[in-house]
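*Asks:* Turn these sequences into a full structure, and let the hints steer you where they fit.
2 protein chains.
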Amino acid sequence: MFFSVLKEDTTTRARTGVLFLKNGNVLTPAFMPVGTYGTVKAISGDALLQMEINLVLSNTYHLYLRPGLDTLEKFGGLRSFTGWKGNILTDSGGYQIFSLSSLRKIEKEGVVFRSHIDGSLHTLSPEDVVKAQKIIGSDILMTLDVCTPPGISYREAAEALEITSLWAKRSKYCWLSLQEDFKGQLFGIVQGNFFKDLRKRSVEEILELDFPGIAIGGLSVGEEQEVFYDYLNYTSSLLPGNKPRYLMGVGTPEYILSAVENGIDLFDCVFPTRVARNGTVFTSTGLLPLKREYNKHDMEPIDKECNCRTCRNHSRAFLRHLFKTKEIMGPVLATEHNIFFIQNLIKNIRKNINLGNFRQFKEHFLQEYLGDK
Amino acid sequence: MFFSVLKEDTTTRARTGVLFLKNGNVLTPAFMPVGTYGTVKAISGDALLQMEINLVLSNTYHLYLRPGLDTLEKFGGLRSFTGWKGNILTDSGGYQIFSLSSLRKIEKEGVVFRSHIDGSLHTLSPEDVVKAQKIIGSDILMTLDVCTPPGISYREAAEALEITSLWAKRSKYCWLSLQEDFKGQLFGIVQGNFFKDLRKRSVEEILELDFPGIAIGGLSVGEEQEVFYDYLNYTSSLLPGNKPRYLMGVGTPEYILSAVENGIDLFDCVFPTRVARNGTVFTSTGLLPLKREYNKHDMEPIDKECNCRTCRNHSRAFLRHLFKTKEIMGPVLATEHNIFFIQNLIKNIRKNINLGNFRQFKEHFLQEYLGDK
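Going down the list, the protein sequences come from chains A and B. Okay, so the first sequence: first residue is 5 according to this note's numbering, each after it adds one. Okay, so the second sequence: first residue is 5 according to this note's numbering, each after it adds one.
Treat the hints as calculated values from the structure; they're not laboratory data. Incorrect hints may appear among the rest.
Since copy identity is lost for identical chains, a pair holds within one copy or between any two.
Straight-line Cα separation of at most 25 Å, SDA-like style, residue types lysine to any residue; simulated pairs [to be verified]: (1) 247 x 24; (2) 89 x 50; (3) 330 x 283; (4) 328 x 281; (5) 330 x 124; (6) 355 x 55; (7) 89 x 330; (8) 330 x 274; (9) 247 x 199; (10) 89 x 311; (11) 295 x 332; (12) 328 x 275; (13) 89 x 304; (14) 89 x 55; (15) 135 x 170; (16) 328 x 279; (17) 330 x 281; (18) 300 x 139.
*Replies:* Now the structure itself:
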């Protein structure tokens, strides 16, 4: 057994569950911090484990370029290379190939692209991507997909979907052929852009392949908020209950709460860590930009209700000072707070689902968090 | 009682001791990491305390400019501003005013200088500097001095010395006037450039003022290594045994060992933390530049004999990867290692002085550390 639902909410589709992974069980809903190059920026693995975060996301595209598969193979995988003791989910690199590299060609066979680092030319088939994730030693793998931005034509969206489904099938076969000495779980990705019939068709084609888990891709990619909510609701309603559901690229409190309400079990996003490095932190009443002048003499912690190391030890004034003087400890302390804040939200979400209070909790949290906005 | 000698070596002037400070007793010899803006770069105070480092140096010049004395006064001192729980030694800003700011004028009255940050004009008298350190809440304060580079004329050196002695006297009177509600200990600074009779005269004039501790300034400022050793030996031999001796600006293993051999109790330097942020780390066989290609597949820790968190969890290859991908965790992990390495050296120095083995320890350490160099 790979996934088990623990408790289902009665008024929403929210649920708690557990993923049984090789490197420790993961309670869901779970937020995965992003460790692009194999390690979450500005925070140690120990600190994440102390917060009970034992699943992080890494980017296959970045790891393939640096340190490279040769190094990872020599080390026996990413965990022994980085020293991370928890689980790893890797994306397929599809999103990065389309957004970061200078893409040369997308063919049914695979993709040809140039590295965003040195311009070198690379070819990756869906099979290569599965094998790369095996070398990384991922506990959860993703299929290579074609992720498209909002605003493209129906025909372009349909073509991207067809290739995504074809690649999903080839990925599955490749993954099955590797199972003898590899226990990573492969997730299929639903695409279909912002066309409901394409979303439906994608769900059907992915479900037919019977992956251990299902991801929703191509949302939170720049579309309007209303469109996001609409497509999240629509797509997630088509998914079966017995498999874990992963919404890719979501990580603000508002979107996380919506995702959970729609029955999502997993999400990831660079947002909490990226804005932290820039001096913006979460509080129970919304985002706080630490560098602003009004923090200069503020003796309060970032959030009085927060029990993270940053809030227990440091004032807003001191954190502002760290950012103004460009001290490395600024990003470090802000990152620790932001991940702790999101993880605390996740823990409260789980607790309230288990108590049957999820909807009230969500409303109460957002009322304070968004204020009059 | 402020300082007590615990054990004196029989074949060198090395000694162990203890400083009784308000925020915890400090075992000597002690290395002070530098927290320029009130906090050691890229490492938390908790991590320092875990290594049993409970005395750090901060720069009065930098703190005066940022966050400014108004903020520090409002917070009741630097410790409550930063959350640091150990002791603080502050320099007087003299060295920084002469090296960083665009200096306008040095008069018997004090210094007039422009901030290196925004060019604003500032005037500081020796009394202002003592009062600034009281606002900072320093456990050990330094007098304002005139630090000069190697190569100046005898006359220039003598003039700088005269002003240093005059300022030392004024600092002492000011400090005495503040004693009712302030327990920080003021150290006088010996200058005299690279002229032995001036060094001797400076020692005499400083000793006459009977400060709780004596610092040797103006060494390790760019002079030849032989000159450094010569002037360290000469100056330290003139100091009395009952007061703590502080050699300013020293922090490589070779210089630390020499300082200890010459009876020095305290030293500080940015070297261990600065080179760490640039990817260079200490090993028992010398410095290791982590970014070099030859570390790419190196599965060994920085130093097999080191028990720091970085060495217990991470390989040279992974650390190289962090620096190549410009991850913040590169500087963080390298800093933790370098400070741990120096602190471990310090602990071994203390242990071997107490066992009567200092000279053998020094020779053995340097043989391995310097190799054939």
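*Asks:* Now tell me if each hint is right for this structure.
*Replies:* Okay, the hints, checked on the actual structure:
Taking the shortest alpha-carbon separations for residue 247 and residue 24, only the intra-copy value of 12 Å comes in at or below 25 Å, while the best inter-copy value is 63 Å. For a Cα distance limit of 25 Å, the shortest separation of residue 89 from residue 50 qualifies both inside one copy, at 8 Å, and across copies, at 23 Å. Within a single copy, residue 330 and residue 283 get their C-alpha atoms as close as 10 Å, and across copies as close as 18 Å, so both meet the 25 Å cut-off. Taking CA atoms no more than 25 Å apart as the test, residue 328 paired with residue 281 passes in both settings, with 12 Å inside one copy and 19 Å between copies.
In this assembly of identical chains, the alpha carbons of residue 330 and residue 124 lie at most 25 Å apart only when taken from different copies (20 Å versus 34 Å within one copy). Within a single copy, residue 355 and residue 55 get their C-alpha atoms as close as 16 Å, which meets the 25 Å cut-off; across copies the closest is 38 Å, which misses it. In this homomeric assembly, residue 89 and residue 330 come within 25 Å of each other (Cα to Cα) only across copies, at 22 Å, whereas the closest approach inside a single copy is 31 Å. For a Cα distance limit of 25 Å, the shortest separation of residue 330 from residue 274 qualifies both inside one copy, at 21 Å, and across copies, at 17 Å.
Only within a single protomer do residue 247 and residue 199 lie at most 25 Å apart by alpha-carbon distance; the minimum there is 24 Å, versus 80 Å between protomers. Taking the closest pair of Cα atoms, residue 89 and residue 311 come within 25 Å of each other both inside a single copy (24 Å) and across two copies (19 Å). Taking the closest pair of Cα atoms, residue 295 and residue 332 come within 25 Å of each other both inside a single copy (14 Å) and across two copies (19 Å). With identical chains, the CA atoms of residue 328 and residue 275 are at most 25 Å apart both within one copy (21 Å) and between copies (23 Å).
For the homomeric pair residue 89 and residue 304, the shortest alpha-carbon distance between copies (18 Å) is at most 25 Å, but the shortest distance inside one copy (34 Å) is not. Taking the closest pair of Cα atoms, residue 89 and residue 55 come within 25 Å of each other both inside a single copy (13 Å) and across two copies (24 Å). In this homomeric assembly, residue 135 and residue 170 come within 25 Å of each other (Cα to Cα) only inside a single copy, at 17 Å, whereas the closest approach across copies is 74 Å. Within a single copy, residue 328 and residue 279 get their C-alpha atoms as close as 16 Å, and across copies as close as 22 Å, so both meet the 25 Å cut-off.
With identical chains, the CA atoms of residue 330 and residue 281 are at most 25 Å apart both within one copy (11 Å) and between copies (13 Å). Taking the closest pair of Cα atoms, residue 300 and residue 139 come within 25 Å of each other only across two copies (17 Å); inside a single copy the shortest separation is 49 Å, beyond that limit.
In this structure, every one of the numbered hints holds.
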